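Student: Starting from the given sequences, assemble the full structure and let the hints guide the process.
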Amino acid sequence: MDKLLEIARKSCDQVELYSFDETVNIIQFENSRLKDVDSKVQSGISLRVIKDNKLGFAYTKNLINRDELLQNALNALKGKVEAKFNFPLTRNFPKLKTYDSGIEKISNIDLVEECNRVSAILSSKTKGQVNTVAVSSINGLGIMNSTGTNLSLKTSEYSIFITVLYPNSYAAICRLLSFKRFEKTPDDSLQSIIDLYNQSEKEVRPKSGRMKVLFMPEIMHVLMWRLQSAASGIAIYQKQSPLLEKIDDKIFDDKLTIANNPLDDKIPGARPFDDEAFPCSYFPIIENGVLRNFYYDLNYAEKINTKPTGHGFRSARWASETIALKPTPSLEHLYIQPGESPFSELLKQIDKGIIIAGALGAHSGNIPNGDFSIGLSPGLYVENGEIVGRVKDAMVAGNIYDTMKDVVAIEDSTHQAGGGIFPSILFDNVSVVT
Amino acid sequence: MFGKLKSILSKVDAEYSDIRYEIKGEVRISFSGKELTQVSSNSTDGFVLRILKNGGASSVAFTKENDVEKAIRSAEENAILISKNIEAPVKFARSEIIKYNYLPKLEVDPRHISFDEKLELTRQYNNIPLTQEKIVTTNISYLEVIREKFFLNTEGSEIHEDLITTKINGLITSKDGTLTQNVRVGIGGSNGFAVLRNREEEFEKKTDIVLQLLKAKSVKGGEYNVILNQSMAGVFIHEAFGHFSEADLIENNPSMRQRMEIGAKSGNDILNIIDDPTMPNQLGFYKYDDEGVKAKPTQLMKNGVLVGRLHSRRTAVGFGEQLNGHCVAEDYRYAPIIRMGTIFIQPGKDSLVELLAKLDNGLYILDGKGGQTSGENFTFGAQYGYIVKSGKINDMVRDINISGNLYTTLKNIDTVGNDLKLSETGGCGKGQMNIRSCHGAPHVLIKKVVIGGV
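Here the protein sequences line up with chains A and B, keeping their order. To convert, note that position 246 of the first sequence is 246 in the working numbering; the numbers rise steadily by one, no gaps. To convert, note that position 405 of the second sequence is 1405 in the working numbering; the numbers rise steadily by one, no gaps.
To be clear, the hints were calculated from the coordinates, so they are not data collected in a lab. Keep in mind it's a predicted model, so treat the numbers as computed, not measured. Please note that the accuracy of each hint is not assured.
[To be verified] Pairs of lysine-lysine, DSBU-like flavour, derived with a Cα cap of 35 Å:
#1 K35(A) - K1287(B)
#2 K1064(B) - K184(A)
#3 K78(A) - K51(A)
#4 K1448(B) - K352(A)
#5 K35(A) - K1411(B)
#6 K1265(B) - K207(A)
#7 K207(A) - K1287(B)
#8 K1070(B) - K35(A)
#9 K1205(B) - K78(A)
Tutor: This is the structure we're talking about:
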């Protein structure tokens, strides 16, 4: 790899070499029984070169021929993709504990045992079908560039994704828990799933209308994807963001504080530097309802003539090969500050409303505009502070720039979910069509 | 290559094993507005090993040949672990032994087209919307994916098949004040570069629509009778029905399995649905799946009655039904799973004009924009639509998202049109992205559909 950097340096102004490897074990249980145990052992390299302010990009899985990889990158220069930014020299960055050697002490046998244990508890206390997926992984990441930056990071993760399905459907109460090493699924997490499921067994069909709607942490991505789209350096540069010129404006309810926090190493996936080796930081997007920042990678920061913010990540909505993706502005570690109300209190405040426990179609709709329109799978109907049943065949729709101005209350604790750590949030005046 | 694969399989201690090695070449040219943001041409590779040992099945996807011993051990241990934890041994249905070298017939091999020509064609199409004042940006890419697959199993099958996919697709975004609208545009296929040439009309049409959307009204949420155009109806049948024809999704779900019993009358009499990857010159074409099984046209519904489903070698045994070669993987990072190949509603007799007359009052909804299913409920987005009054198309509406219930909506399909069209760019994400997942339909009239307006 050093050799590759050296050779590339001779024909280019700047070079960056990104390498990635992972070992993953996946255990799948369906209907409380073991279905599959599969593994992956993957690796790859991605090369970016800059010459005369133009970018060349190439990647490969097996580095059989160094010269071929370099040649692919040099050929790509012909495309004249502009790149006026500089790869950073990074020597100082936060020291985070992203790898827990405890991950090496467990085997697939232990994961099967845990899935058996969780399935047994949930199937004894509910009538729903229980499916679980347990994943353990060890990843390595390395970034070298021509300024002398040479960073590496090892991460470990164990996660369990639990679903309890309603009959004749894949609508379910779901929970995702992840840790840096194996840990037993806490009893209170299981109890919360059991309670929500049992209280919502009956099917109900409330009338359409505007009402209180509670977004559970598992559903928060519906709203976050829209905020991420609008606050991204790309949307700012292309002038298509509804948030243009709105820095320091109050755009949401003042109970909302939303930040990107890659430095939280209590949970897996923490990052001291981004995929371009730029140091990461606690980064507020919304503070008490006020828009504070847009986020950039090296490229878009340069295009807007502003400082990079350490948000250059190789990510895509539909999981792709990391090495095949170029870094783009991404928020990978969202955090919504908890509020003051335990979940039971949030419930009590719902005279008539829906808890969204499953959503369909978050990826559809006019995301750049902030619109959302999702099918419920399921929704839990609440009357006078009590869950009376579940709603299917219904949709919840709105625009985040309206909905997020009307926060009734926020849960006093946060939970892991796709995309970040979130509390449950109760909004008012959201449109429900049944 | 087969020599190398044979030597890998010879190291495996199992009753059955197969290995797939793939070389995946990808060319990508991306525009964001007028700017070129990516140009790349790369080749990647990897192996996927599957084994059946002591009645347990496991797979391992590995990159480096040097990791082969580690990978084999992992798969063997996992298979044994499974065998100790399941009630009945996993069995694979008997499959023909195939020795075949299949290269698709192409109308212009994209590998023979110069990079400059690909760049200029993409730039030309990308410029069509950009000449219009209220178009704020585009995100349009050329993508060419070439997978050379080599499959070998211990039963004696040896298959080399290439899959070549080309497309130019993306988003066009319009803006007026604070309102933005976008539409998807896409052309492409599985038979080479020719399908991408002379397609200006498609980009002109979509540019026109996204500009009109700025003046359209938001659709009012509620229950409507609707006509879906071919693209929309294709997404509908994929989400509402197609996924639950995938045997692996319902294999271990007794309540869904009961609902999807062969012989169940789940749809209206006029509804006929088939999945046929063997049709030539369409996106979803393939000859052999990633278990070495020949793809077969598979009737899923006939006159509203469930008559078939999509299988792998494992589920064919589990259900006691016929193999039909529907088990494919996205690439060398994954073991294959059951996927739709080319699913469509078979055409009926009515023209669009006749459907509009039958509809009388309702909505005409066009061009799918992503969907999702929970089995019972499905939801999908539409790019644009029109209010229909007394059988005539009226004002344009926007922000349309549709929700339905599998068990009722299929019965509410009132009339099926005669104008079948298949998607050129398709796509399906079921844990792995299948870029060749094709869907289609004629125009269809459906009653009582829930539309979630904003």
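Student: Going back to the hint list, which numbers does this structure go against?
Tutor: 7
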